[in-house]
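**Q** Sequence:
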Amino acid sequence: MSQFEKSYISKGTQVKDLNIIRVSISKETLEEILKDHMVDYDGKEYLVFEVASLKEPDQFCKTHTAYISKKVAAPNRGKAKRD
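Numbering of the sequence shown is given in our numbering, commencing with residue 1 and proceeding in unit increments.
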């Protein structure tokens, strides 16, 4: 079984009166993302990330979070078999 691991990359806010989320990402974070999180589709590299609304704004009034979701193997939580 697999699960998803999230790497949070930034936060953002909804633009007033529009259905647009404005997200700012630092150059350092962007360089790390381009080095470690690109996904290959048919020989081309893509950056795949998700933007989700927060349950409530944070202390800086950010209303959304952006993250990269990567599928990873779930840890084995079953009991070890004894011989």
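Simulated from the structure, these hints should not be mistaken for lab results.
Keep in mind that a hint or two might mislead.
[Stated by the list, open to error] Quick list of in silico lysine-lysine cross-link-like pairs, DSS-like style, CA-CA up to 25 Å:
| hint | residue 1 | residue 2 |
| --- | --- | --- |
| 1 | Lys16 | Lys55 |
| 2 | Lys16 | Lys71 |
| 3 | Lys6 | Lys62 |
| 4 | Lys44 | Lys62 |
**Q** Now look at each hint and say whether the structure bears it out.
**A** Hint by hint, here is what the structure shows:
no., hint, result
1, Lys16 x Lys55, "18 Å, holds"
2, Lys16 x Lys71, "34 Å, violated"
3, Lys6 x Lys62, "18 Å, holds"
4, Lys44 x Lys62, "33 Å, violated"
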